[in-house]
Amino acid sequence: MLGDFLAKLIPLDLFAGLGVTGGYLFRRKETVQYPEHRLEPTDRFRGMFGYDLERCIDCYLCARACPIDIIYIRDHTEVEEVDGKKKKKKVIDRYDIDVKRCMFCGLCEEACPTEPKSIWLTTKSYEGAAYERNEQLYFDKERLMSWDGFLAFPGVVTPAEGQAPGDLKGEKRSESVDEAEAS
Amino acid sequence: MSEPFETLFEGEEMELSFGPQHPSTHGVLRVMLKLDGEKILDAKPIIGYLHRGTEKLFEKEPFPQCIPHTDRLDYVAAATNNQGFVVAMEKLLGITIPPRAAYIRMILAELQRISSHLLWLATHAIDLGAITPFFYTFREREEILDMFEAYCGARLTLNTMKIGGVPFDLPDGWVETCSDYINRLPAHIAEYETLLTGNRIWKKRTIGVGVISAEEAIEWGLTGPPLRGSGVKWDIRKVFPYDRYDEIEFEIPIGKNGDTYDRYLVRMEEMRQSARIVRQCLDRLPDGPVMARVPKVIRATEGMVYASVEAPKGELGYFIVTTEKATEPYRCHVRPPSFINLQALPDMVRGRLVPDQEAVIGTLDIVLGEIDR
Amino acid sequence: MDQPLYQFIVIPLVKIVVILGVLSLIVAYLTFFERKVLAYIQVRLGPNRVGPRGWLQPVADALKLLVKEDLVPGGAQKFVFMLAPALIIVPAFLVFAVIPFGPATRLFGLLPEAIPPYLTDVNIALLFVLGISSIGVYGIILGGWASNNKFSLMGALRSGAQMISYEVPMGFAIISVLLMAGSLSLVKIVEAQQSSHLWFIFPGLLGFGIYFICGVAETNRNPFDLPEAESELVAGFHTEYSGMKFAFFFLAEYTNMLVVSSLATVLFLGGWLRPFPNVAWLGFLGIVPPFVWFALKVAGFIFVYLWFRGTFPRYRFDQLMHVGWKWLLPLSLANVLLVGLIVLLVKG
Chain A
5 MLGDFLAKLI
15 PLDLFAGLGV
25 TGGYLFRRKE
35 TVQYPEHRLE
45 PTDRFRGMFG
55 YDLERCIDCY
65 LCARACPIDI
75 IYIRDHTEVE
85 EVDGKKKKKK
95 VIDRYDIDVK
105 RCMFCGLCEE
115 ACPTEPKSIW
125 LTTKSYEGAA
135 YERNEQLYFD
145 KERLMSWDGF
155 LAFPGVVTPA
165 EGQAPGDLKG
175 EKRSESVDEA
185 EAS
Chain B
18 MSEPFETLFE
28 GEEMELSFGP
38 QHPSTHGVLR
48 VMLKLDGEKI
58 LDAKPIIGYL
68 HRGTEKLFEK
78 EPFPQCIPHT
88 DRLDYVAAAT
98 NNQGFVVAME
108 KLLGITIPPR
118 AAYIRMILAE
128 LQRISSHLLW
138 LATHAIDLGA
148 ITPFFYTFRE
158 REEILDMFEA
168 YCGARLTLNT
178 MKIGGVPFDL
188 PDGWVETCSD
198 YINRLPAHIA
208 EYETLLTGNR
218 IWKKRTIGVG
228 VISAEEAIEW
238 GLTGPPLRGS
248 GVKWDIRKVF
258 PYDRYDEIEF
268 EIPIGKNGDT
278 YDRYLVRMEE
288 MRQSARIVRQ
298 CLDRLPDGPV
308 MARVPKVIRA
318 TEGMVYASVE
328 APKGELGYFI
338 VTTEKATEPY
348 RCHVRPPSFI
358 NLQALPDMVR
368 GRLVPDQEAV
378 IGTLDIVLGE
388 IDR
Chain C
-4 MDQPLYQFIV
6 IPLVKIVVIL
16 GVLSLIVAYL
26 TFFERKVLAY
36 IQVRLGPNRV
46 GPRGWLQPVA
56 DALKLLVKED
66 LVPGGAQKFV
76 FMLAPALIIV
86 PAFLVFAVIP
96 FGPATRLFGL
106 LPEAIPPYLT
116 DVNIALLFVL
126 GISSIGVYGI
136 ILGGWASNNK
146 FSLMGALRSG
156 AQMISYEVPM
166 GFAIISVLLM
176 AGSLSLVKIV
186 EAQQSSHLWF
196 IFPGLLGFGI
206 YFICGVAETN
216 RNPFDLPEAE
226 SELVAGFHTE
236 YSGMKFAFFF
246 LAEYTNMLVV
256 SSLATVLFLG
266 GWLRPFPNVA
276 WLGFLGIVPP
286 FVWFALKVAG
296 FIFVYLWFRG
306 TFPRYRFDQL
316 MHVGWKWLLP
326 LSLANVLLVG
336 LIVLLVKG
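Protein chains in written order, with my numbering: chain A, 5 to 187; chain B, 18 to 390; chain C, -4 to 343.
Hint data in this document are derived by calculation from the structure and do not stem from the laboratory. A portion of the hints provided could be inaccurate.
Calculated cross-link-like contacts (lysine-lysine; reagent style PhoX-like; alpha-carbon spacing at most 25 Å) [claimed, not checked]: (1) A:Lys145 with A:Lys128; (2) B:Lys221 with B:Lys273; (3) C:Lys73 with C:Lys59; (4) B:Lys220 with C:Lys321; (5) A:Lys93 with A:Lys145; (6) C:Lys59 with C:Lys31; (7) A:Lys92 with A:Lys145; (8) C:Lys145 with B:Lys56; (9) C:Lys10 with C:Lys183; (10) B:Lys220 with A:Lys12; (11) B:Lys51 with C:Lys145; (12) B:Lys108 with B:Lys313; (13) A:Lys12 with B:Lys221; (14) C:Lys145 with C:Lys63; (15) C:Lys145 with A:Lys12; (16) B:Lys108 with B:Lys342; (17) B:Lys77 with A:Lys104; (18) B:Lys220 with B:Lys56; (19) B:Lys313 with B:Lys342; (20) A:Lys104 with B:Lys73; (21) A:Lys128 with A:Lys173; (22) B:Lys250 with B:Lys273; (23) C:Lys183 with C:Lys342; (24) B:Lys342 with B:Lys73; (25) B:Lys61 with B:Lys51; (26) B:Lys77 with B:Lys51; (27) C:Lys63 with C:Lys73; (28) B:Lys56 with C:Lys321; (29) B:Lys73 with B:Lys51; (30) A:Lys104 with A:Lys145; (31) B:Lys221 with C:Lys321; (32) A:Lys33 with C:Lys31; (33) C:Lys342 with B:Lys61; (34) B:Lys77 with B:Lys108; (35) A:Lys173 with A:Lys145; (36) A:Lys104 with A:Lys89.
What you are looking at is a predicted structure, and each value in this text was computed from that prediction instead of being measured.
If we strip away everything but chain A, and leave its shape as in the complex, we get:
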């Protein structure tokens, strides 16, 4: 009886809670000061698109795999004479991705049949905020390669400079270029 009364009067349960929060007062803080420090995404992170026009075989699989249909492709066929033979060749006129609507599911990358992929998402860069979404977040094929107006993650090169899936710094390509120069 008296014990119950005292237990109600002296709020030990509340003091325990105060102890927890008070203990955290001097603990290391979890905040990451964003623009100065960036958390580095993992290797599989689905960030901004990379695209390689040379590898792309214009098969439309990515556009078909996209659940929200934001990849727009248009092409025409050119006839070219190679060694006296007439050869049909597809030329991509338009390869646009409406990045503002993208939900980064990665199905386009998965669908791509080329090796290495010609459209890929794991490029770490994620800072796509823009003042004008219709212009700045709509990427045509040149912008997809040059990342014009898009902030790349520090150390990541643009697709035009040699980025490839699993090779964000463009090292392999520069190696092969070096080899080609050496030979």
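Given the structure of chain A, go ahead and fit chains B and C onto it with the hints provided.
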């Protein structure tokens, strides 16, 4: 002035539109309250502010492309949403997935359950005025999201399961990270319990609030922690095991009184049990492929299937109807746990005070993405 | 210059300006302090972008509130709506007229004679404080009512009930101090603690506990912050206020925290006295000026306020009343009886 004093106050009711923009409605739920002072005479949830027509979208998407859309149902527990859909599809197509894929799926689903419960605890505590647990639980949730990111590349809308398995194998070092996290988790849960479980204010706010008896809970069709809080031992993982849950040992925590406090205790215990499941899965993780042999373009036969999984919020079921050689569902109905759990809200708050409503909404753990679909 | 003019006009005017200025500054930085303490409890850093380490944050906040559009909701009682913020902030500041920050001082020899730093020493100062601070509740009730918003109205009603019921045990807790000090003047109370060789917290621990709990409830702070309970009533009585009017409510809340903390310091912790004022070998503590001791004690109380906010859930309205009337009131009555008996026995 001959009227007796009491009748003067009859009919003095107030209607209060609670939401859709309100700090404690967990999204865009709107509740029309009929109040007598602070006493709730009636409550009527109004939904639909987040309707995106997901079920209709399923009808035009090929099966693999439905999965990103399931992410957006219960957007804080994408892995279990994916799991529900792929389990249903595998049942329909008769695919058996490799054991490694099943174990990876279970690990992801249980991590997702922990993360969802951590989010629930954060918002529930903030609804009842305790603002600090929010930051502690988010710190732990962050690590789970980091693990998801390391595994599949996304943090929230995972799109991490495929019909026939999982898209990737675990990356190097992932098992160690996860195992380390699971070892640390119980200490953190104990910390939240110090802040809340014994706290007299927390007890006063939750004990005896939003009581629902076992019979009522079953009649309303409640599932998940709201049902188990009333003392019904019902868990899809035990009664209709999917993936490889039949090989794993775990308890189903149940409550006794069916009040907010019991549901709180049930969820806290579920986090520990989930950690236990993850630990077992990590220890037993078999080798082998992570994808079954599935054709590139999946074509179904004519038929229909219902399969459900135990999502963090309750039973998440997918009812899929297909036609012959179809590449997309003819109809796909989702049984979202939050939608059905929400129906009990008026019964649980009637006759109580306005602050109790926050406690009840918090304890039902609703997600509007799943309710409106 | 005439002596009376000098004494009754110039000195008080200077004091008023200084007290108001310093007080406003302290209150502004109190918001900063609160955000920092809460952030540190919650394993984050808090505001640190405006100025060095965020020290200009209150300035930025004030500027933002000043230039913000001042909305008056349709259907609001305009005059009352404007009056309410004034009604709440004026009494909050007014109380500081009688709070004794320190003993009469010559300010390190700068002044020709010793001048008390507080504005005035009224012989009914405690009554004055209780009376004036009760006016604040009108501001809340009128503001909530005039906003023409159901959430505001509910917040105002809660606040009215809460402040009135917690004033009763608070008054009784203060009476126990009166019994010990034998005076209503705040300066005399501090002096009584000096002459009786101990702070009143030691004989009046229970009274102190009751006073502080009631103080937290009076200022609508966690765990008694029902009138502005965010998750229930959006922002309670000041839901519809914006710009500087909102700032007034906000500042009044913090000023009231300062009032309750200062009063607790004066009544129970010996005001400006150093710890153990009569123990000779602790004399080196006397190097610290009395005003600093006062500020330190107040800061301690404010920190406890913030610590509470960072830790506890919120009571429900009926439970709050339950705590107030069924626990605090009987306890405070028993405390008065107990303290009265002890005083009778000791003083004969």
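Numbers of the earlier hints that this structure fails to satisfy, in rising order
15, 26, 29, 33 and 36
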